[in-house]
Amino acid sequence: MITLETKHLSKQIKNNVILDDINIQMHKGVIHGIVGKNGSGKTMLFRCLAGLVHPSSGEILYDNKVLHKDIATPPRMGIIIENMGLYPEFTGFKNLKYLASINNLITDEDIRASIARVGLDPNDKRTIKKYSLGMRQRIILAQAFMEHPDILLLDEPTNGLDEAGIKLVRDILKEEAARGALIFISSHNKEDISYLCEVIYQMSNGRLEEKV
Amino acid sequence: MVSKSNVLKTLIIIPIVFFRKSNLLLAGNGTDMPIAELFLQNMFSGNPSRTETNIVIVMFGLMEVIVFNLLFGTYIYHDLYENSIYIFIRQKSRIKWFINRSFQLFAYSAVYNILFILSTFLLCVVYSNQEIDIVAIRVVIITYILIQLFSFWTTLMINLLAIRIGATASFITNYMTLLVLSFLAVNYEAIPIIKNIPFFLSLNPVTNVTINWNDGIGKGLYPAVYFLILIGTTMLLGGKILSKMDISLENKEKNN
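Chains A and Z are the protein sequences, given in the same order.
Each residue of the first sequence is one higher than the one before, counting from 161 in the working numbering.
Each residue of the second sequence is one higher than the one before, counting from 109 in the working numbering.
For the record, the hints were derived by calculation from the structure and aren't laboratory data.
Glycine residues also receive a C-beta, built at the ideal position from the N, C-alpha and C atoms.
A couple of the hints might just be wrong.
[To be verified] Just so you have them, the derived chain A footprint on chain Z, three or more residues with Cβ under 8 Å: (1) 111 to 118; (2) 233 to 245.
[Unchecked claim] Straight-line distance between alpha carbons at most 20 Å, and here's what the computed DMTMM-like set of lysine to aspartate or glutamate pairs gives: (3) K117/Z to E249/A; (4) K352/Z to D230/A; (5) K117/Z to D140/Z; (6) K352/Z to E219/A; (7) K112/Z to D284/A; (8) K289/A to D187/Z; (9) K350/A to D331/A; (10) K200/Z to D310/A; (11) K257/A to E239/Z; (12) K129/Z to D140/Z; (13) K257/A to D187/Z; (14) K174/A to D140/Z.
Model the full structure from these sequences, guided by the hints.
Listed below in structure tokens is the structure:
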């Protein structure tokens, strides 16, 4: 049973308070959403939860284990962070194969199935730098889902996608939640959030409040 | 992952060597100078020995290393800011990632320097009237080891500094440091503490890569061990910095 909890989580960089006393609790099988203006702290929250950024104060707990203290890294996690890409000079398959080789949890066939799941051709020989914006977003989504992680942190997962792509992502997220994954997404697309999320947080100037 | 563009970058050294050492091709009649000596002269563009007092020549002699610095000075740094997060959420140890990237950098440096040394050696063989002998081979091997260790270490330093202060500042810091070290190397006689205690001279990386081995001290062993210690220390430091730092904040260039 995966739960994700933060207790008085704060992040300060120099004199700027980016996250201010964040307290949340999230559970497996539930899609949680976060909305807020650009620069409100959403992406920083994702980075902290992923263990990429150390909190200035407070704690992040996965199944009651404190991140950076009891555990060095979060449990198996799939992630998308806005503006963070893959290796542009390699094909989509080669990129995903490289990432999958770190933990060796899935086979080449699983990787191909993940690429096909997001509507791309697993045998496409083009390098990622030749992909369109939408294709790049799809391959990044595939890397997040491919190892069937316990937790999915998705920062703007529908960015750059057309209507069919958005529908596809929504369907996949529903499937992942049904599988039991804990999902936390941010999106500028209010429709995405209201359609998908059972719990919605509003972020403003680094502070968080639960909307629903 | 080995990328084609990075492999191609290493090939750039071949035209650079042929351009820089074109005097050998254009000189016409060969020389009776032993190949080892000719090679040493051409490696550092004028044999910067302890009698050499021109800092420009020393720096010019390190140009191939500087080119490698420029080509790969942001290799780890860019990877860290642009591609690393999807790796770090899978890999428990950032230190492991750093060691892996350092080895890749070492491999690119090894290929680049093999091409550099062999091209130079080939030109010397063509120009010289002498046969290749064991001394020449030994000199080539020692030169390769020292140049390889030096260029890898300086490039690793630039990458690490870039993570802390940004790429531009890191390059400038590196070359200012090289300039100061070159100055200390060629003017050691004017600085009593270095003149009187040779150990201080041997602590200068530039001395180790361009001068020390003309003395035959340890036949290149001391400088090699010295560089290995520097590399080991730098890698330890790099691992520590990475494991504690916040990843995926905007990179330093974008912040500026």
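Now for the hints, and whether the structure bears them out:
| no. | hint | in the structure |
| --- | --- | --- |
| 1 | 111 to 118 | holds (count 3) |
| 2 | 233 to 245 | violated (count 0) |
| 3 | K117/Z to E249/A | holds, 14 Å |
| 4 | K352/Z to D230/A | holds, 16 Å |
| 5 | K117/Z to D140/Z | violated, 35 Å |
| 6 | K352/Z to E219/A | holds, 16 Å |
| 7 | K112/Z to D284/A | holds, 18 Å |
| 8 | K289/A to D187/Z | holds, 16 Å |
| 9 | K350/A to D331/A | holds, 17 Å |
| 10 | K200/Z to D310/A | holds, 16 Å |
| 11 | K257/A to E239/Z | violated, 50 Å |
| 12 | K129/Z to D140/Z | holds, 18 Å |
| 13 | K257/A to D187/Z | holds, 17 Å |
| 14 | K174/A to D140/Z | violated, 66 Å |
Checked against the numbered hints above, the structure breaks hints 2, 5, 11 and 14 and satisfies the rest.
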